[in-house]
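Visitor: Spelled out from the first residue to the last, the chains are:
Protein chains: 2
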Amino acid sequence: MRLAETPAQDGFHMPGEFEDQAASYMIWPERPDNWREGGKPAQKAFARLAETIAQFEPVTMLVNQDQYNHARASLSPAVRVVEMSSNDSWMKDCGPFYVVNDAGDIRAVDFQFNAWGGLLDGLYFPWDKDNQIGKKVADLQEFPVYEVAAVLEGCAIHVDGQGTLIATESVVLSEGRNPGGLTKADAEKIFHDYLGVTKTIWLPEGYFMDETNGDIDNMLNFVAPGEVVLTWTDDTSDPQAEISEDAYERLAVATDARGRHFKIHKLQTPRVLTLSEAEANGVDPINGMLPRVAGQRLTASYVSYITTNQAILMPIFDDPQDAVAHEQLAALYPTRQVVDVPATEILTGGGNIHTIAAGVPGHHTGGK
Amino acid sequence: MRLAETPAQDGFHMPGEFEDQAASYMIWPERPDNWREGGKPAQKAFARLAETIAQFEPVTMLVNQDQYNHARASLSPAVRVVEMSSNDSWMKDCGPFYVVNDAGDIRAVDFQFNAWGGLLDGLYFPWDKDNQIGKKVADLQEFPVYEVAAVLEGCAIHVDGQGTLIATESVVLSEGRNPGGLTKADAEKIFHDYLGVTKTIWLPEGYFMDETNGDIDNMLNFVAPGEVVLTWTDDTSDPQAEISEDAYERLAVATDARGRHFKIHKLQTPRVLTLSEAEANGVDPINGMLPRVAGQRLTASYVSYITTNQAILMPIFDDPQDAVAHEQLAALYPTRQVVDVPATEILTGGGNIHTIAAGVPGHHTGGK
Numbered sequence: 001m002r003l004a005e006t007p008a009q010d011g012f013h014m015p016g017e018f019e020d021q022a023a024s025y026m027i028w029p030e031r032p033d034n035w036r037e038g039g040k041p042a043q044k045a046f047a048r049l050a051e052t053i054a055q056f057e058p059v060t061m062l063v064n065q066d067q068y069n070h071a072r073a074s075l076s077p078a079v080r081v082v083e084m085s086s087n088d089s090w091m092k093d094c095g096p097f098y099v100v101n102d103a104g105d106i107r108a109v110d111f112q113f114n115a116w117g118g119l120l121d122g123l124y125f126p127w128d129k130d131n132q133i134g135k136k137v138a139d140l141q142e143f144p145v146y147e148v149a150a151v152l153e154g155c156a157i158h159v160d161g162q163g164t165l166i167a168t169e170s171v172v173l174s175e176g177r178n179p180g181g182l183t184k185a186d187a188e189k190i191f192h193d194y195l196g197v198t199k200t201i202w203l204p205e206g207y208f209m210d211e212t213n214g215d216i217d218n219m220l221n222f223v224a225p226g227e228v229v230l231t232w233t234d235d236t237s238d239p240q241a242e243i244s245e246d247a248y249e250r251l252a253v254a255t256d257a258r259g260r261h262f263k264i265h266k267l268q269t270p271r272v273l274t275l276s277e278a279e280a281n282g283v284d285p286i287n288g289m290l291p292r293v294a295g296q297r298l299t300a301s302y303v304s305y306i307t308t309n310q311a312i313l314m315p316i317f318d319d320p321q322d323a324v325a326h327e328q329l330a331a332l333y334p335t336r337q338v339v340d341v342p343a344t345e346i347l348t349g350g351g352n353i354h355t356i357a358a359g360v361p362g363h364h365t366g367g368k
Numbered sequence: 001m002r003l004a005e006t007p008a009q010d011g012f013h014m015p016g017e018f019e020d021q022a023a024s025y026m027i028w029p030e031r032p033d034n035w036r037e038g039g040k041p042a043q044k045a046f047a048r049l050a051e052t053i054a055q056f057e058p059v060t061m062l063v064n065q066d067q068y069n070h071a072r073a074s075l076s077p078a079v080r081v082v083e084m085s086s087n088d089s090w091m092k093d094c095g096p097f098y099v100v101n102d103a104g105d106i107r108a109v110d111f112q113f114n115a116w117g118g119l120l121d122g123l124y125f126p127w128d129k130d131n132q133i134g135k136k137v138a139d140l141q142e143f144p145v146y147e148v149a150a151v152l153e154g155c156a157i158h159v160d161g162q163g164t165l166i167a168t169e170s171v172v173l174s175e176g177r178n179p180g181g182l183t184k185a186d187a188e189k190i191f192h193d194y195l196g197v198t199k200t201i202w203l204p205e206g207y208f209m210d211e212t213n214g215d216i217d218n219m220l221n222f223v224a225p226g227e228v229v230l231t232w233t234d235d236t237s238d239p240q241a242e243i244s245e246d247a248y249e250r251l252a253v254a255t256d257a258r259g260r261h262f263k264i265h266k267l268q269t270p271r272v273l274t275l276s277e278a279e280a281n282g283v284d285p286i287n288g289m290l291p292r293v294a295g296q297r298l299t300a301s302y303v304s305y306i307t308t309n310q311a312i313l314m315p316i317f318d319d320p321q322d323a324v325a326h327e328q329l330a331a332l333y334p335t336r337q338v339v340d341v342p343a344t345e346i347l348t349g350g351g352n353i354h355t356i357a358a359g360v361p362g363h364h365t366g367g368k
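Protein chains in written order, with the numbering used here: chain A, 1 to 368; chain B, 1 to 368.
By construction, these hints were calculated from the structure, which means they are not laboratory data. Check the hints yourself; a few may be wrong.
If chains are identical, the list can't say which one is meant, so a pair holds when it fits in one copy or spans any two.
Subject to a maximum C-alpha distance of 35 Å in a straight line, what follows is the list of computed DSBU-like cross-link-like pairs (lysine-lysine) [unchecked claim]:
# : residue 1 : residue 2
1 : 40        : 135
2 : 40        : 129
3 : 40        : 263
4 : 189       : 199
The structure presented is a predicted model; accordingly, all values stated were derived computationally and were not measured.
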């Protein structure tokens, strides 16, 4: 059902990722011009993540027709496999946003998706099927839908569920997403009307060299309202150090929608990871696709973890810092189990694990 | 989940169509080599049927990616639209069978589908996507699935839910469906093992000129255990008269799984309907597809009605007999509303309305 008003008018707002979650959705990767070796290693990594999430809550894997039988055979019965056409596999970015009200009703908000910048600086063309996923998933779930004309991805924002949103200017205001680019005022009105946000905190940019223009979800994550973890590096020779420091300074003086100052936890990155020659050569290059080049930096951060009711699924990179980050997150989430998810394969496709699984608000108490 | 045993071993059986139903599934028609005028009139007819069923129970319309936006826009919010690839649109024939146990658990049974006869005398090639629909829908619904190697369509059988099955030899034993053809003993073992059937009643053939080889569902329907309605014509110049009379004689002396004799209600067909020149010319002919020829007989019967918890959806053909059949069904189903569904457009595609909507067992008390 298409809704005529806005969520704000109807008393709905977007909840935080640490709030109750009923299920997760993912998309099966397959395109050989983005995923090395015909997508086979990525499929194994996605399957492993799906099985891990399924230990804690129901998981649906969306898959193109041509890969349906393969995906079904690659996944255990704990994962529901549903056919749905896609251009690539970044569920959190192309899937629906969700808003809730005080009565516990859930509705979907369908922003437009244009592969992080359309024809100007987007990452693939066409993106028509990915742009349909928001509506299709909302319909599959039988949630009423608010349609929004503006382009926005799920990983472009983080909210605290209490009126606060954090985003990067480089993404939300980018010219490639919305013609001419949105102004901050434009964006803040959209956040207010469609996500129930009353206070937006802007950071200038995201993780160094992030090909999405720097989505917020590789920079920081909300542990709870008023409490964030921030990607950090003590290595001042790394350009990321300056970006993180700038973010820290802004967050340190900011107040949220309820007037609180933030508690900020620094989460050290692993060593700088780069694409190997073999990894780059495993991708089938085509015109119009961002080329994968040996030596290019991968956007490895631990803040791109996935929050479920009972667990934090944390990306790991075969790095000594993995264990440190694990302990740190375990301390920050005392009621949740922290589970390590090997993530390097996901990074080779241009993103991190937070972008490939999208939680659906609601109540669920355990896995299958 | 794929199950290792058989439904019979696990205490499951197929319920009758007059038993509790939770929802219905349909497939959006589009192929221009079967549906005239690019499928547009058929789409309107399917949409109308979906909206009608949705007044009584939830309806899901499955649709190929290329028609998703059009189908979604053509249907009201009362109908859920879900992407699923198909070759054509005969849900009851290619979708899953369902079995239930005394505890009310529901499982799916996935027979193979080869377009009513495969390369020998099937109606289209390829049929690979239609053959996947059983598994996909079962997975979508999260029902465990029994896989069966044999070919069988939903409209090839009718059951009373108490151990009795009625089928036509011309369909079930056809050489095109199963290599070499099944023997009656083969078929009866399959019916026993996978549908919980203990008594099969065979009719030699189905409705005159039915291109499926004569599926049972255009010949008769169960009103209740021990009670059937049979397609009938008093016009002895119509070859159907002899077929119906033969069926009547066999049913009159048969006993069902519980030893009961049948109460048989005769349901007069409308006038003989044929494909018009304009209708035949509206189909795009291709090699390998059964040609549509002006003057070819359409298989118009009223027994191809759809049973839901609260309503009987009855095909009508702009014929004086429509009202007579309506009254007769209203008397046979005193607790259900009889709703007329214009069906001539469906007949031009080679089937009747019973084949395009598949009910799912379960509990539901009303429409959206």
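Visitor: Looking back at the hints listed earlier, which ones does the structure fail to meet?
Guide: 3
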